[in-house]
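One-letter residues, chain by chain:
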Amino acid sequence: AQSVTQPDARVTVSEGASLQLRCKYSYSATPYLFWYVQYPRQGLQLLLKYYSGDPVVQGVNGFEAEFSKSNSSFHLRKASVHWSDSAVYFCAVSMPNTDKVVFGTGTRLQVSP
Amino acid sequence: GPKVLQIPSHQIIDMGQMVTLNCDPVSNHLYFYWYKQILGQQMEFLVNFYNGKVMEKSKLFKDQFSVERPDGSYFTLKIQPTALEDSAVYFCASSLGLGGRYQDTQYFGPGTRLLVL
Numbered sequence: 001a002q003s004v005t006q007p008d009a010r011v012t013v014s015e016g017a018s019l020q021l022r023c024k025y026s027y028s029a030t031p032y033l034f035w036y037v038q039y040p041r042q043g044l045q046l047l048l049k050y051y052s053g054d055p056v057v058q059g060v061n062g063f064e065a066e067f068s069k070s071n072s073s074f075h076l077r078k079a080s081v082h083w084s085d086s087a088v089y090f091c092a093v094s095m096p097n098t099d100k101v102v103f104g105t106g107t108r109l110q111v112s113p
Numbered sequence: 001g002p003k004v005l006q007i008p009s010h011q012i013i014d015m016g017q018m019v020t021l022n023c024d025p026v027s028n029h030l031y032f033y034w035y036k037q038i039l040g041q042q043m044e045f046l047v048n049f050y051n052g053k054v055m056e057k058s059k060l061f062k063d064q065f066s067v068e069r070p071d072g073s074y075f076t077l078k079i080q081p082t083a084l085e086d087s088a089v090y091f092c093a094s095s096l097g098l099g100g101r102y103q104d105t106q107y108f109g110p111g112t113r114l115l116v117l
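Residue numbers (my numbering), protein chains in the order written: chain Z, 1 to 113; chain G, 1 to 117.
Derived by calculation from the structure, the hints in this document are not laboratory data.
Among the hints, a few may not be true.
If you only want the chain G side, here are some residues facing chain Z, beta carbon under 7 Å, derived [said to hold, decoys possible]:
no., residue
1, Val-4
2, Gln-42
3, Met-43
4, Phe-45
5, Glu-56
6, Thr-105
7, Phe-108
8, Gly-109
9, Pro-110
Straight-line Cα separation of at most 25 Å, SDA-like style, residue types lysine to any residue; simulated pairs [stated by the list, open to error]:
no., chain 1, residue 1, chain 2, residue 2
10, G, Lys-62, Z, Gln-2
11, G, Lys-57, Z, Ser-28
12, Z, Lys-100, Z, Asp-8
Note that beta-carbon positions come from the ideal geometry of N, C-alpha and C, so glycine has one too.
Can you build the whole structure from these sequences, using the hints too?
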């Protein structure tokens with residue numbers, strides 16, 4: 001069955017440290033890939049998306065993600081986190097020709113001072 | 001950026017009663033969605049809606065669920081009657097275009113927290 005896995009429910013990093021949030025998917029073909037962020041009491045906001053081409057995609061606020069077909073992964077990275085990055089991050093996928101988006105369970109990021 | 005609003009933010013209701021969740025999508029968007037997230041679980045697709053019709057729905061979209069957007073007003077999710085397992089956060093989303101190769105970004109609201117007692 002098609003699925004999206006975010007293996008880390010919670011991640012804590014120190015301000016200024018680098019970050020990687022993991023996402024793996026299980027699909028028969030290469031899906032479209034997304035990372036969303038949800039701040040408290042707000043809706044999900046799109047950070048970045050991958051359709052094709054360069055496997056490293058740049059997003060807002062210094063985030064980037066790298067698609068790996070061989071690993072079926074789409075990990076999110078940031079070189080230096082800020083306390084305001086504390087939020088829940090969702091990886092999501094969809095297949096071409098469908099409007100349905102499948103979300104992972106989310107990773108709660110806590111940035112400590 | 002574009003904002004989707006959801007009203008109310010919280011709703012507590014007795015099992016068996018009807019509830020309507022309201023979504024105010026981005027003004028020029030044409031496609032509308034509902035997702036359900038049970039506490040601690042992933043967000044799951046319920047339904048999408050275009051031009052007055054349901055286009056896709058998941059197995060979570062039970063017969064007790066219905067959606068509509070009368071006269072370009074709120075996009076609503078109605079549950080009648082409610083059941084205990086309907087307790088969840090319901091997220092509305094909207095997009096300008098359909099998916100496929102040029103999948104348009106879905107913009108999400110902050111969610112409505114529904115508790116069925």
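- Pairwise hint evaluation, Asp-8 (chain Z) against Lys-100 (chain Z), where the allowed Cα distance is 25 Å at most: 24 Å, holds
| query | Against chain Z, is Gln-42 (chain G) within 7 Å by beta-carbon distance? | reply | 4 Å, holds
Would you settle whether the hint for Thr-105 (chain G) is holds or violated, based on the nearest Cβ-Cβ distance to chain Z being less than 7 Å?
-> 5 Å, holds
Proposed interface contact between Met-43 (chain G) and chain Z, which counts if any beta carbon pair is under 7 Å: 4 Å, holds
(Q) Between the alpha carbons of Lys-62 (chain G) and Gln-2 (chain Z), is the straight-line distance 25 Å or under? (A) OK: Lys-62 (chain G) and Gln-2 (chain Z) at ~21 Å, within 25 Å.
Could you check if Gly-109 (chain G) really has its C-beta closer than 7 Å to a C-beta on chain Z? Holds, about 5 Å.
Identify whether the interface hint at Glu-56 (chain G) stands, where standing means a beta carbon of chain Z within less than 7 Å of its own.
-> For Glu-56 (chain G), the interface hint holds, since the closest Cβ of chain Z sits about 6 Å away, which is under 7 Å.
Check your understanding: Was the hint right that Val-4 (chain G) lines chain Z, CB cutoff 7 Å?
Key -> With Cβ-Cβ at 6 Å, under 7 Å, it holds.
Has the given pair, Lys-57 (chain G) with Ser-28 (chain Z), been kept, meaning a C-alpha gap of at most 25 Å? 21 Å, holds
Does the closest beta carbon of chain Z sit nearer than 7 Å to the beta carbon of Phe-45 (chain G)? 5 Å, holds
Exercise. Are Pro-110 (chain G) and chain Z close enough, Cβ to Cβ, to be under 7 Å, as the hint says?
Worked result: Since the shortest Cβ distance to chain Z is 5 Å, the answer is holds.
Next on the checklist: Next item in the hint list is Phe-108 (chain G). Is there a CB on chain Z closer than 7 Å to its CB?
Outcome noted: 4 Å, holds
Checked against the numbered hints above, the structure violates none of them.
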